[in-house]
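**Student:** Listed here are the chains, written in short residue letters.
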Amino acid sequence: GAVVSQHPSWVICKSGTSVKIECRSLDFQATTMFWYRQFPKQSLMLMATSNEGSKATYEQGVEKDKFLINHASLTLSTLTVTSAHPEDSSFYICSAPRDSGELFFGEGSRLTVL
Amino acid sequence: DAKTTQPNSMESNEEEPVHLPCNHSTISGTDYIHWYRQLPSQGPEYVIHGLTSNVNNRMASLAIAEDRKSSTLILHRATLRDAAVYYCILIPYNQGGKLIFGQGTELSVKP
Chain F
1 GAVVSQHPSW VICKSGTSVK IECRSLDFQA TTMFWYRQFP KQSLMLMATS NEGSKATYEQ
61 GVEKDKFLIN HASLTLSTLT VTSAHPEDSS FYICSAPRDS GELFFGEGSR LTVL
Chain V
1 DAKTTQPNSM ESNEEEPVHL PCNHSTISGT DYIHWYRQLP SQGPEYVIHG LTSNVNNRMA
61 SLAIAEDRKS STLILHRATL RDAAVYYCIL IPYNQGGKLI FGQGTELSVK P
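Protein chains in written order, with my numbering: chain F, 1 to 114; chain V, 1 to 111.
Treat the hints with care, as some may be off.
To be verified - Here are the computed distance ranges between Cβ atoms for each label pair: (1) F/Lys55 to V/Pro21: 32 to 42 Å; (2) V/Asn54 to F/Asp65: 26 to 36 Å; (3) V/Glu15 to F/Ser73: 38 to 48 Å; (4) F/Glu59 to V/Asn94: 17 to 27 Å; (5) V/Ser25 to F/Gly101: 20 to 30 Å.
To be verified - No more than 30 Å apart at the CA atoms, straight line, and that leaves these computed lysine-lysine pairs for DSS-like: (6) F/Lys55 to F/Lys14; (7) V/Lys69 to F/Lys41; (8) F/Lys66 to F/Lys14; (9) F/Lys41 to F/Lys20; (10) F/Lys41 to F/Lys66; (11) F/Lys55 to F/Lys20; (12) F/Lys64 to V/Lys110; (13) F/Lys20 to V/Lys98; (14) F/Lys66 to V/Lys69; (15) F/Lys41 to V/Lys3; (16) F/Lys20 to F/Lys66; (17) V/Lys98 to V/Lys69; (18) V/Lys98 to F/Lys66; (19) F/Lys64 to F/Lys14; (20) F/Lys64 to F/Lys20; (21) F/Lys14 to F/Lys41; (22) F/Lys41 to V/Lys98; (23) F/Lys66 to F/Lys55; (24) V/Lys69 to V/Lys3; (25) V/Lys98 to V/Lys3; (26) F/Lys64 to V/Lys69; (27) V/Lys98 to F/Lys55; (28) F/Lys55 to V/Lys3; (29) F/Lys41 to F/Lys64.
To be verified - Residues of chain F clear of chain V, computed beta-carbon distances all greater than 12 Å: (30) Gln6; (31) Lys41; (32) Met45; (33) Asp65; (34) Ser83; (35) Glu102; (36) Leu114.
By construction, these hints were calculated from the structure, which means they are not laboratory data. Cβ atoms here follow ideal geometry from the backbone N, Cα and C, with glycine treated the same way.
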């Protein structure tokens, strides 16, 4: 079964609204989680590193005020796409490493902004 | 981060072996070679990894060149469920899970 779970799997929203995507580690604690975005027929692009109890670290070119990341507990990180627009439509994927070094990815969340 | 080069796409027949190449000529001594695959509309999943020696697991084998500048992922008997994008990624030993994905190889499997 899934070790890292994302919710929702897919979401459709109107332009201008905000959407929250959750990433949970199901049977281990993750002080760090990673968020990726993937456009159709393209590779995964790292957006940010989510750090439990502190601010996220964003990759160059990713707007931190647009993509709010909160890692309030050792098993949950959330990505909020604020004031979403059609160009934000994408497949968002999170990952979390275990202490053992194994890395697990969530199932992905497909966002469609109308 | 050291770069990897993979063919954009490959085709295979079901039940036949598949060899997926990856070039990484700028690999450093502490870089591990990892392979992940991504099935359609899913998150990536771990396949295999190695440092210097060839590795085998239930999913695949990894053959690493002696100079470590290239590697090959081997699927011994391709199935339709192996159709996916395969990513070869170099990860320094202390990277902690931060992966930088290249374009990968899209493998199609014909029945």
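**Student:** For F/Lys64 and V/Lys110, compute the direct alpha-carbon distance and say whether it is at most 30 Å.
**Tutor:** Measuring from Cα to Cα gives roughly 44 Å; hence the hint is violated.
**Student:** Would you mind confirming whether the straight-line C-alpha gap from F/Lys41 to F/Lys64 stays at or under 30 Å?
**Tutor:** 25 Å, holds
**Student:** Assuming the hint says 26 to 36 Å, is it satisfied by the Cβ distance from V/Asn54 to F/Asp65 or not?
**Tutor:** 47 Å, violated
**Student:** Could you check the hint for me, namely that F/Glu59 and V/Asn94 are 17 to 27 Å apart, CB to CB?
**Tutor:** Given range 17 to 27 Å: holds, Cβ gap about 19 Å.
**Student:** Taken at face value, is the distance from the CA of V/Lys69 to the CA of V/Lys98 at most 30 Å?
**Tutor:** 22 Å, holds
**Student:** For the pair we were handed, V/Lys69 and V/Lys3, check the Cα-Cα distance against 30 Å.
**Tutor:** 11 Å, holds
**Student:** When you check the alpha-carbon spacing of F/Lys64 and F/Lys14, does it fall within 30 Å?
**Tutor:** 21 Å, holds
**Student:** Does the structure keep V/Lys98 and F/Lys66 at a Cα separation of 30 Å or less?
**Tutor:** 21 Å, holds
**Student:** Is the hinted pair F/Lys64 and V/Lys69 satisfied, with a Cα-Cα distance of at most 30 Å?
**Tutor:** At roughly 37 Å apart (the allowed maximum being 30 Å), V/Lys69 and F/Lys64 break the hint.
**Student:** Starting from the hint 38 to 48 Å, judge whether the C-beta atoms of V/Glu15 and F/Ser73 obey it.
**Tutor:** With Cβ atoms ~46 Å apart, the hint holds.
**Student:** Over 12 Å from every CB of chain V: does F/Leu114 meet that, or does the non-interface label fail?
**Tutor:** 20 Å, holds
**Student:** For a C-alpha distance cap of 30 Å, please report whether V/Lys98 and F/Lys55 respect it.
**Tutor:** Given pair V/Lys98, F/Lys55 holds - Cα atoms ~16 Å apart, limit 30 Å.
In summary, the numbered hints that this structure violates are 2, 12, 14, 26, 30, 31, 32 and 35.
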